[in-house]
Amino acid sequence: GEDVEQSLFLSVREGDSSVINCTYTDSSSTYLYWYKQEPGAGLQLLTYIFSNMDMKQDQRLTVLLNKKDKHLSLRIADTQTGDSAIYFCAEKRGFQKLVFGTGTRLLVSP
Amino acid sequence: DTGVSQDPRHKITKRGQNVTFRCDPISEHNRLYWYRQTLGQGPEFLTYFQNEAQLEKSRLLSDRFSAERPKGSFSTLEIQRTEQGDSAMYLCASSFGRLEKLFFGSGTQLSVL
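Those protein sequence lines, which keep their order, are chains P and X. Going by the numbering used here, the first sequence opens with residue 39, and the numbers climb by one from there. Going by the numbering used here, the second sequence opens with residue 39, and the numbers climb by one from there.
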């Protein structure tokens with residue numbers, strides 16, 4: 039199918055690690071992205087990974103890419119209450135278009 | 039602030055009316071995108087411009103929708119004869135370069151009564 043799939047909801051305690059998973063569809067996608075959306079706001083780019091990489095670390099964020107399974111994950115270390123938001127993965131299809139997943143709502147409790 | 043700005047933030051209209059939204063991208067960005075987001079869903083691609091040229095339109099964009107980007111700067115999205123199913127958040131984004139890092143505006147929330 040054409041859908042980029044994500045689990046709907048994740049709940050963690052402050053200080054724990056969060057892992058958000060995504061399954062994308064186009065094996066020829068060159069870049070994959072993670073965006074964050076807070077209530078009433080647009081989307082904010084968190085990080086991205088090029089398709090020839092299998093891991094990228096950026097401060098508290100770690101992106102893992104399994105091209106064979108078309109699986110992407112975002113790990114947030116030492117999760118804070120301010121990390122509570124909806125997280126979207128996206129794949130770049132064709133020349134320019136980004137296709138987004140359905141979003142994972144992360145709830146961080148104190 | 040030099041981010042992407044959208045106007046208005048909220049629009050309430052009656053079914054059958056026409057509405058127009060505006061997006062001002064980041065000034066040095068040559069690509070501009072419109073996305074639509076409904077509750078509980080990710081953004082869905084509608085259309086994109088490279089400079090003033092509209093290069094791709096989604097099948098979601100019916101004949102009632104039209105987008106323009108005169109002079110390759112700001113863009114407008116018009117919806118004619120609005121229907122209740124048009125109620126959504128309309129997001130604009132801009133980018134430049136090969137990496138395709140999209141910068142989003144805060145969106146226009148449309149409610150069709």
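Rather than coming from a laboratory, the hints here were simulated on the basis of the structure. Idealized CB from N, CA, C, for every residue including glycine. Mixed in with the good hints, there may be bad ones.
For lysine-lysine, the following BS3-like pairs were computed, each having C-alpha atoms within a straight-line distance of at most 30 Å [as the list claims (entries may be wrong)]:
no.: 1; chain 1: X; residue 1: Lys109; chain 2: P; residue 2: Lys108
no.: 2; chain 1: X; residue 1: Lys52; chain 2: P; residue 2: Lys105
no.: 3; chain 1: X; residue 1: Lys49; chain 2: P; residue 2: Lys108
no.: 4; chain 1: X; residue 1: Lys139; chain 2: X; residue 2: Lys52
Residues of chain P placed beyond 10 Å of chain X at every Cβ, according to the derived structure [claimed, not checked]:
no.: 5; residue: Val42
no.: 6; residue: Ser45
no.: 7; residue: Asn59
no.: 8; residue: Thr61
no.: 9; residue: Leu81
no.: 10; residue: Gln82
no.: 11; residue: Ser89
no.: 12; residue: Gln95
no.: 13; residue: Gln97
no.: 14; residue: Asn104
no.: 15; residue: Leu136
no.: 16; residue: Thr140
How the hints compare with the structure:
1. Restraint check for Lys109(X) and Lys108(P): not satisfied, since their Cα atoms lie roughly 40 Å apart, outside the 30 Å limit.
2. For a cut-off of 30 Å, the pair hint linking Lys52(X) to Lys105(P) is broken: about 47 Å separates their Cα positions.
3. Of the supplied pair hints, the one linking Lys49(X) and Lys108(P) is violated, its CA atoms being roughly 39 Å apart against a limit of 30 Å.
4. At roughly 36 Å between alpha-carbon atoms, Lys139(X) and Lys52(X) are farther apart than 30 Å, so this suggested pair is violated.
5. The Cβ of Val42(P) does not lie farther than 10 Å from every Cβ of chain X; its closest approach is about 7 Å, which violates its non-interface assignment.
6. Non-interface call for Ser45(P) relative to chain X: holds, since the shortest CB-CB distance, roughly 13 Å, exceeds 10 Å.
7. Here Asn59(P) stays apart from chain X, with its beta-carbon at least about 15 Å from theirs, past the 10 Å limit.
8. Every beta carbon of chain X lies more than 10 Å from that of Thr61(P), the smallest distance being close to 13 Å; the non-interface claim holds.
9. Not every CB of chain X lies more than 10 Å from the CB of Leu81(P), the least distance being 4 Å, so the non-interface label is violated.
10. A cut-off of 10 Å between C-beta atoms contradicts the statement that Gln82(P) is not in contact with chain X; the least separation is 7 Å.
11. With a least beta-carbon separation of about 12 Å from chain X, Ser89(P) lies farther than 10 Å from that chain, consistent with its non-interface assignment.
12. The claim that Gln95(P) lies off the interface holds: its Cβ sits roughly 18 Å from the closest Cβ of chain X, which is beyond the 10 Å cut-off.
13. Distance to chain X confirms Gln97(P) as a non-interface residue, since its nearest Cβ pair spans about 17 Å, more than 10 Å.
14. Chain X leaves Asn104(P) outside its interface by the beta-carbon criterion, the shortest separation being 21 Å against a cut-off of 10 Å.
15. For Leu136(P), the shortest C-beta to C-beta distance to chain X comes to about 6 Å, within the 10 Å cut-off, and the non-interface label is violated.
16. Residue placement check: Thr140(P) does not keep its beta carbon more than 10 Å from all beta carbons of chain X (closest about 5 Å).
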